[in-house]
Amino acid sequence: MADKIRVVHYINQFFAGMGGEETASVGISVEEKPVGPGLGLQKELGSDYQIVATIICGDNTIAENTDEILAEFDKIIRKYDAQLFVAGPGFNAGRYGIGCGAATAYVTEQMKIPAVTALYSENPGTDLYKDRCYILQTINNAAGMRKALPFLASFAKRLVAGEPIGSGKKELYHGSGPAIEINYSIPASKRGVDMLLAKYYGKPFRTEVMMPNHEEIPLPVLSKPLSEARIAIVTDGGLVPKGNPDHMVPTNSKTFNHYPISEGDRLIPGDYEVSHQGYNNAFVNADPNRLVPVDAALDLKKKGKIGDLLSFYYTTAGVMTPMEMGKKFGEGIAQDLHDHNVDAVILTST
Amino acid sequence: MTKEIERAGIPVVHVTNLTEISKGIGAHRILRGNSVLHVFGNPKLPPAQEFKFREEHLAKALDMLEKTPEPGQDSLIEE
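Heads up: the protein sequence lines correspond to chains A and B, in order.
Throughout the first sequence, residue numbering follows the numbering used here, covering 1 to 350 in sequence.
Throughout the second sequence, residue numbering follows the numbering used here, covering 1001 to 1079 in sequence.
Chain B on its own, in the form it takes in the complex (with noise of 0.2 Å):
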């Protein structure tokens, strides 16, 4: 899916933790999330503090919309 939209022109952070499958797909920016089972969550946190988290994980995921991958690679990964 993150291929076929950025095949449209549209940029794609794709928000995953299997960042290799998704390396090798040829997705070009990657950001790490928190886990399989919550991505843009932490659990573990009291819900003010995991609100934080989220919005400056997304902030992240944002940030990588402006840039673009290093010379000689072929994706932009933040782990």
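So that you can see chain A by itself, here it is in the shape it has in the complex (with noise of 0.2 Å):
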């Protein structure tokens, strides 16, 4: 019979049975056989693994001390010779959360070892590793175990096969995963021409790009009917005033602003200039509201089918511009929109 795959698999003292917060300062310790949930993970991942090592840690050990627990956790994954590591699951479990995160991102990262962890999507090791290693997304209880470790199984199994893995949103793990590691000692050519022949012939490859996998937000609905909802314009096609009086640079923007709109019925042409380099600017420099629409938004305002139009516009450059950026923009100007009331938002792209 050929050779079990050798797996080292991580919980905390809650799921080992050592109690709940009153033991979540213990240490390390390790059973040579699968505790709590491995033994329902041993069964998943079938009689071509064994669990030969479980790590058992204290939530509050790890989470603060992060990194000396780490290096216990490398010394111990190499004395077991471990090809595959498994953590948790750990559900919505916060500091648990962070410790499989954490180790799951150190195996991937520093050993090479096939790993990968289960959890919520908020629980905050999510964010704080999803980027980093492959975390599954699971409910956020321990009701879902029953789901949890199968899902984790197969996975972990893939993983071992070096079976290619597809994007996150179509795996179900939360993130990028881990970051793609590219050998840049091989020319690009060479590299594609590569992934090209792996695709034709069914073998494993990863994408040097991937996309992020955007979360999911709740669909917003308005509070209101639409005759009374106080509507805001924000554009991220550059649209400054005359001068552009805060230097708003056209590229890679660091900043958002908000401008008043002109008197009268219209952004008037002349008053309003374009600070974006990533178009011809030429069609809304000679008329602002083909990118702001005030004309209209006031025209139908005047005609009931809006409550108000807010009186400043809020713009941005969105050329070149990060994501995190993006987001940063956003939030600000959502808090701002609060502030004054705002019910619905028009946004337009260049």
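Keep in mind the hints are simulated off the structure, nothing from the lab.
Yeah, the Cβ is synthetic: ideal placement off N, Cα and C, and Gly gets one too.
Warning: the hint list may mix true and false statements.
[Unchecked claim] Reference excerpt, derived from the structure (chain B facing chain A, CB under 10 Å, subset only):
#	residue
1	I1005
2	V1036
3	P1046
4	E1056
5	G1072
6	E1079
Both chains are given apart, each in its own frame, so use the hints to dock them into the complex.
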């Protein structure tokens, strides 16, 4: 019989049956067998796999001394010559989630051993480590164990087999998974052809460009009829007052601004200009309402279609601006919109 | 930006010509603009007609605020 795949599993004091908060500061210990959820995990992994060691660590211990504890993990994983590392699942347990994420990221990046964990989306460990290792999606409590274990086991087996893993959206892991390692000593042309051939022959390969796995957010709905709603206009097309008083950069934006709309019933050409180097600005310079449709909005207000139009608009230049920056702008604008009792937004992008 | 504003509970209609990108990011309500260069404009038309186009297009966007995506769909997209 072929040798079994050697697995090291990490769980916390609670799942090891040692107790809850009162034992959360216990140190690290090892059992040379499956423990707690490891029993179910062993069953799901099947007879080709063996959990040779279970690392048990108190949640306070790992959350407070993460680096020291990971160094201990390293020694144990080497000692047992692990070919697979599984952490948790940690569901929505905060410190345990940080432990699961930190350990899985460490084993993935430093030890280059297949590693996986499973957490709830809002576990603090998820956000911290979702782009450094595979964190499978679970519900927020241990009632999800029955579903999480087969999911973890089948995913882990695919990692061990070197099977291609798709995007997080498709495979149901958080974030973008482990960072992609690119060997730059091989020219891109060769890497590209190698990847194509691997794809053609159905062999494993991994893209060098992973699309971020965007989290889903609840669908917002209008809280009142449109005819009573206050609307704001936001644009990433870089419209600023003539002379660009705040020196808003035309690319790689660091700020958003808001500016009053002209007196009267429309944005007056000549009062505004575009600071955005990502498109031909001529049409918007000739009539800024083509980007920030104030004339139409005010007319629709007059006709009673909307309740009100906010008397200023928000603007930035969306070109070459990192996603994280856009996120920050969005948060700032949202806060401001709340302060001004805005009910809905028309956002124009060039 | 669309997503963060929506996260705060404020519905947004994203008017853009790059509807696939908007959908990929996870925007819920997306309306295709007239052009990347002028989402709410149509310079080929005489001014009065262009204004009419803009008003109709904005009305269409506003109407989307009161709609929700089809069951099973993440986004409501009007091309």
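To see whether the hints hold, each was checked on the structure:
1. I1005: Given a least distance of 5 Å, the restraint on B:I1005 holds.
2. V1036: Hint on B:V1036: holds, closest Cβ of chain A at ~6 Å, below 10 Å.
3. P1046: violated (12 Å)
4. E1056: With a minimum Cβ separation of about 8 Å from chain A (threshold 10 Å), the hint on B:E1056 holds.
5. G1072: Result: violated, 13 Å to nearest chain A Cβ.
6. E1079: violated (15 Å)
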